Each structure stands twice: as structure tokens, then as C-alpha cells.
Amino acid sequence: AQSVTQPDIHITVSEGASLELRCNYSYGATPYLFWYVQSPGQGLQLLLKYFSGDTLVQGIKGFEAEFKRSQSSFNLRKPSVHWSDAAEYFCAVGESNSGYSTLTFGKGTMLLVSP
Amino acid sequence: NAGVTQTPKFRILKIGQSMTLQCAQDMNHNYMYWYRQDPGMGLKLIYYSVGAGITDKGEVPNGYNVSRSTTEDFPLRLELAAPSQTSVYFCASTYRGGDEAFFGQGTRLTVV
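Protein sequences appear in the order of chains R and E.
Mapped onto the numbering used here, the consecutive letters of the first sequence carry residue numbers 1 to 115.
Mapped onto the numbering used here, the consecutive letters of the second sequence carry residue numbers 1001 to 1112.
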């Protein structure tokens, strides 16, 4: 079965600084990879996804992620963080043996933005 | 479009009581999911459905039941509520597997 590891439980970044959130996955085939964001008291919203092709994926709100097969990683980046980016971020991998019909989520990384 | 609508938003249950969490989507999505979210644990899949009349267990199905009689609705039933079922429950839907999942705003359930 696939698994997703987000090694950082909390990250604090100064407003205007760059951000990188780490995600490692365990999966045999080419995975479907996702990043979701959750604001307090809300459901999850898709930031970006990778299926195939260009390994650098652009998403909403200025986020991007890079798929690195050799490192089994799909790290999320943003060049300049805004206070409104404070939220919890989840990496997820799609399961292929059921037609990618289910997702496995990481435990999440809470992003705090300092002034 | 309302997207994915969950009711209720909050509920307190006593041990042994039962209840149904409602989930409805108006996007004509084929796939629907129920997750539970516990602090620091991410989201765990409880049940999912790939179409009306078809349901399957996820990672943590014990203590729950689902049905999918229509494309729009996917209720989650808790029988004999236990404190371990205290959690935030999210319903989600996709048009097909691998697509963007749309989430409801969640139901916060406390079992005392």
C-alpha cells in the first residue's frame, strides 16, 4: 500500500520569505500526487496535482511543486509567502490499482507566517 | 452550485446513540468519499462510492455504514457511538478517480 510522509509538523516562515514544504511518498508505479490546503474550520482545497509530463507543476495562489522520481518526493514551494497562506497543507497520493479512486493523505504540515 | 454540502456542522452524541451524517453534492460527480480527520493524523478514508449502488470500505470502516441510493447523496451512519468516533468528518466528491476532490466544510462530532 502507498504511504505519504510529511516530515515537518509545523513550519514558521516570515512574511515575504520563500517556502518549501516536504512530501515523500512510497509507491510502486507512477503516482498521482496532490497538494491540498485547509484553512481553519474549512474543508480542503486543491492547490495543484501531478499526473505525468512536466515534473514542475504550477498551482493556484502562486504555489508550485516538483516531482522527483529518484527521491520519491513532491515538495511544495512558494517564492514569497503572504500572511493569508497560514494554513495546514496536505500532500496526497492516488491509488492506481483501483483506478485512482482513493487518496492517501499525509499527516499535514501547519504553516505559520510571522510578520 | 452549492458543491458539497454536509449537515449538521456540529453534533454532540452520548455513548451508544446513533446518528446519520448527511452529504449531498450537486456537481453530478460519480465518486464520493467519507474521511475522518483527527489532530496530527491527516485524513483517513472511511468509505467510498464509485457510483449509485456501489460502496467500498476504506482504511477505517469499523463502526460506520454507508449507502448510495442516488448520485447526489452519500450518508454516513454511526451505530452505537463511541468516544473513539469523536472527530471531524469530511465528505468529498470527484467526477472520476484522479480528479480534483471537492470537500464539504465538515461535521465536528463529539461523543461523550
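Just so you know, the hints here were simulated from the structure itself, not pulled from any lab data.
One thing to keep in mind: the hints can contain errors.
[Unchecked claim] Restraint ranges, calculated between C-beta atoms of paired labels, are given here:
id, chain 1, residue 1, chain 2, residue 2, range
1, R, L112, E, Q1022, 22 to 28 Å
2, E, M1027, R, E15, 33 to 39 Å
3, R, W83, E, L1080, 26 to 32 Å
4, E, K1057, R, G16, 44 to 50 Å
5, E, P1039, R, S84, 19 to 25 Å
6, E, D1073, R, A29, 21 to 27 Å
7, E, T1110, R, S114, 31 to 37 Å
[Stated by the list, open to error] Derived DSS-like pairs (lysine-lysine); straight-line CA-CA distance at most 25 Å:
id, chain 1, residue 1, chain 2, residue 2
8, E, K1057, R, K107
9, R, K107, R, K68
10, R, K107, R, K49
11, R, K49, R, K61
12, R, K49, E, K1044
13, R, K49, R, K68
14, E, K1009, E, K1057
15, R, K61, R, K107
16, R, K107, E, K1044
17, E, K1014, R, K107
18, E, K1014, E, K1044
19, E, K1044, E, K1009
All values derive from a computational prediction rather than experimental measurement.
Beta carbons: idealized from backbone N, C-alpha and C, even for Gly.
Status of the hints after comparison with the structure:
The hint said 22 to 28 Å for the Cβ distance between R:L112 and E:Q1022, and at roughly 34 Å that hint is violated. Checked against the given bound of 33 to 39 Å, the beta carbons of E:M1027 and R:E15, roughly 35 Å apart, stay inside it. The hinted window of 26 to 32 Å between R:W83 and E:L1080 is violated, with their beta carbons roughly 45 Å apart. Roughly 46 Å separates the CB atoms of E:K1057 and R:G16, a value that falls within the hinted 44 to 50 Å.
Take E:P1039 and R:S84: their Cβ atoms lie about 23 Å apart, and the range 19 to 25 Å holds. E:D1073 and R:A29 have their C-beta atoms about 33 Å apart, which leaves the hinted 21 to 27 Å range violated. Look at E:T1110 against R:S114: about 32 Å separates their beta carbons, and that is inside 31 to 37 Å. Distance check on the hinted pair: E:K1057 and R:K107 sit about 20 Å apart at the alpha-carbon level, within 25 Å; holds.
Using a Cα cut-off of 25 Å, the hinted pair R:K107 and R:K68 holds, with the two alpha carbons roughly 20 Å apart. The suggested pairing of R:K107 with R:K49 holds, with an alpha-carbon distance near 18 Å, which does not exceed 25 Å. Between R:K49 and R:K61 the alpha-carbon distance is near 14 Å, which keeps this suggested pair within the 25 Å criterion. Of the supplied pair hints, the one linking R:K49 and E:K1044 holds, its CA atoms being roughly 20 Å apart against a limit of 25 Å.
For a cut-off of 25 Å, the pair hint linking R:K49 to R:K68 stands: about 14 Å separates their Cα positions. About 24 Å separates the Cα atoms of E:K1009 and E:K1057, which keeps this hinted pair within 25 Å; it holds. Proposed proximity of R:K61 and R:K107 is supported: the alpha carbons are some 22 Å apart, at most 25 Å. Straight-line distance between C-alpha atoms of R:K107 and E:K1044 comes to about 10 Å, which keeps the hinted pair within the 25 Å bound.
Annotation: proposed proximity of E:K1014 to R:K107 is violated, straight-line Cα distance about 28 Å (limit 25 Å). Restraint check for E:K1014 and E:K1044: the C-alpha separation of about 23 Å stays at or below 25 Å, so the hint holds. Only pairs whose Cα atoms come within 25 Å are accepted, and E:K1044 paired with E:K1009 is accepted, the gap being roughly 19 Å.
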